[in-house]
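K.L.:
Letter by letter, the sequence shown follows residues 1 to 345 in full-length UniProt numbering.
Simulated from the structure, these hints should not be mistaken for laboratory data.
Some clues are possibly wrong.
Quick list of simulated restraints, FRET-style, between CB atoms [unchecked claim]:
| # | residue 1 | residue 2 | range |
| --- | --- | --- | --- |
| 1 | 152 | 188 | 32 to 40 Å |
| 2 | 119 | 317 | 42 to 50 Å |
| 3 | 61 | 27 | 39 to 47 Å |
| 4 | 153 | 306 | 41 to 49 Å |
As the structure is a prediction and not an experimental result, all values here were calculated from the model.
Built from N, CA and C at the ideal position, the CB exists for glycine as well.
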Amino acid sequence: MDVDGVAEVRRRLAAIPLEQRRRAAAYSPDLAQIWDVIAENLSEGKLVRPAILLAVANAVGTREDQHEAVLELAVAVEMLHHAFLLHDDVIDHDVVRRGRPNLIARIGEELTAPDATEAERRAVGEAAGILAGDLVLSQAHQCLARLHTSQAVRLRLLDLLQETLQHSIAGELADVGFSRQSLRPSLDDVLAMSQSKTGAYTVRLPLLWALIVIEADVPDGLEDFAAALGLAFQLQDDLLGLFGDPELVGKDPVSDIREGKYTAVMAHASDSPQWAEISTYLGSADLTADDGAHVLALLEASGARRAVEQDLSDALERALRLAGESGPLAQVLHALVLALTERRS
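Work out the full structure: start from the sequences and follow the hints.
P.N.:
And the structure:
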């Protein structure tokens, strides 16, 4: 989406780690290196969540004295997203992000001796990933602490942030549990996990933050719209992660299989004749590219891909219907749904 204000948000996202690096360099060259990697990663973001927030605020209209707070909130929601990515890579033991070595791989290499073992490099890199995620999350809170707004509005924004963190962490915890237990979760459990893990902070948070900071009313049905679009976003992520163009998605197409991710695709496949074979590969750390291609073929044959594509279509259709019932926000919410349907990465 082409949204007014996104370029300014990108400029601010570039400035924050530069300032933090300057401060860190005075007492920790290692920490300065971490901020260098954070700066690079922030510069490459698609800014989906800031765009949602800005689009809604622009559609409703902001007073001149609210404009700065809207921009800072857009920065904060991207900082929150980046903190989650850093922590996700640690949880999933990933060393690639957007098709290149991630912070874990780079810092693990840069801050260890040349003769360090792979395990030693991984330990240092994952520790850095946790700490970097904490730093970036603290920056999101800093943005809220410094907002030019009333104390009542600030407290509402902070309460929603805390609520969102609880939802997202609960979803991530369920995701980890699903991939490491012998009992298969139901499709409903997987969809609920997807909604909590991603939908809460990708759609609901920026929508509601935008309305809270400009002191606008929340239309009836907006929560339902956010739930539908948030679910659609995660289902699309699941499909792109397995079947998308690796060059566009920026990840190994079989990494979710290797990590044992029990997504909606797997939940649908679990009732198929192909599941007995698929399950033998799920969570296999030494899964080869050929093995992965075979599993993808089995998932196609099982009908799981088609089923999730239908789930995605249903969620988008529901979001479109709810967008049309949202009064003054109908046009911008409709545009958000259409933008998601065109997403390829």
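K.L.:
Falls inside 32 to 40 Å, the C-beta gap from residue 152 to residue 188?
P.N.:
38 Å, holds
K.L.:
Go ahead and decide if the range 39 to 47 Å is satisfied by the Cβ distance of residue 61 to residue 27.
P.N.:
Given about 45 Å between the Cβ atoms, the range holds.
K.L.:
Does the hinted range 42 to 50 Å hold for residue 119 and residue 317 at CB?
P.N.:
48 Å, holds
K.L.:
Between the beta carbons of residue 153 and residue 306, is the distance compatible with 41 to 49 Å?
P.N.:
46 Å, holds
Violation of the numbered hints given earlier is absent; every hint is satisfied by the structure.
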